[in-house]
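S.K.: Spelled out, the chains give:
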Amino acid sequence: SQTIHQWPATLVQPVGSPLSLECTVEGTSNPNLYWYRQAAGRGLQLLFYSVGIGQISSEVPQNLSASRPQDRQFILSSKKLLLSDSGFYLCAWSDRGRTEAFFGQGTRLTVV
Amino acid sequence: QKEVEQNSGPLSVPEGAIASLNCTYSDRVSQSFFWYRQYSGKSPELIMSIYSNGDKEDGRFTAQLNKASQYVSLLIRDSQPSDSATYLCEARVGGTSYGKLTFGQGTILTVHP
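Protein chains in written order, with our numbering: chain F, 1332 to 1443; chain G, 171 to 283.
To be clear, the hints were calculated from the coordinates, so they are not data collected in a lab.
All C-beta atoms in this analysis are idealised placements derived from N, C-alpha and C, irrespective of residue type, glycine included.
Be careful, since some hints might not be right.
Claimed, not checked - Chain F is faced by these chain G residues, among others (derived, beta-carbon under 8 Å):
# : residue
1 : 199
2 : 202
3 : 220
4 : 221
5 : 224
6 : 254
7 : 276
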């Protein structure tokens, strides 16, 4: 069966520090991968998605970046965090068919 | 116009009542539709998927799809306090390379005893 791992679950970082969130998927190959951010009480904001290794589409211009170094690995990064980067970050995967999206456990990021 | 819009909520219903959640989408070529439930601080999980016009029932949940009206809904019968959560609608365009998943902004449902 397929599983998705996302870590860490919580993170407190100072303003200006770097960020690296990692997500890996097991049990499937060539998945579509996604990073979302969710503010409290709000919907999912798509940040990046990837349909293949090295292929990254950015939805929101900001100080975040994403990379897909391996087929089932998706990394969200920042060189210098801003207070506004605080939020709940979710990694997700889907196939190219009609099955639902599967989400990681999420990372609660607080920038102080 | 947002690509996927949900009734703004929050929605509050008494225990045992029917909760009705609505979603409209703008892309006429959308083929697959999903409802997810998200508890506070948790990640979304699938409640229902629907692909064809009409109703699809699963226990207390019924999804309804009307592609002509670009409308999908979720009915929750006999609502329970445990149904209190945010509900997210997703409308998906199919295809082998299309990647983007589009969600509505979510509707917060509260079921009060």
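S.K.: Does each hint fit the structure? Answer for all of them.
M.R.: A quick look at each hint next to the structure:
Checking residue 199 of chain G against chain F: minimum C-beta separation of about 14 Å lies over 8 Å; hint violated. A hinted interface residue such as residue 202 of chain G counts as satisfied when its beta carbon comes closer than 8 Å to some beta carbon of chain F; here the least separation is about 5 Å, so the hint holds. The closest approach between the C-beta of residue 220 of chain G and any C-beta of chain F is roughly 10 Å, which is over the 8 Å cut-off, so the hint fails. Hint on residue 221 of chain G holds. Least Cβ distance to chain F is approximately 6 Å, under the 8 Å limit.
About 16 Å separates the beta-carbon of residue 224 of chain G from the nearest beta-carbon of chain F, more than 8 Å, and the hint is not met. Residue-level restraint check for residue 254 of chain G is violated (minimum Cβ-Cβ distance to chain F is 14 Å; threshold 8 Å). Because the closest C-beta pair between residue 276 of chain G and chain F is about 4 Å apart, less than 8 Å, the hint holds.
Of the numbered hints stated above, those contradicted by the structure are hints 1, 3, 5, 6, listed in ascending order.
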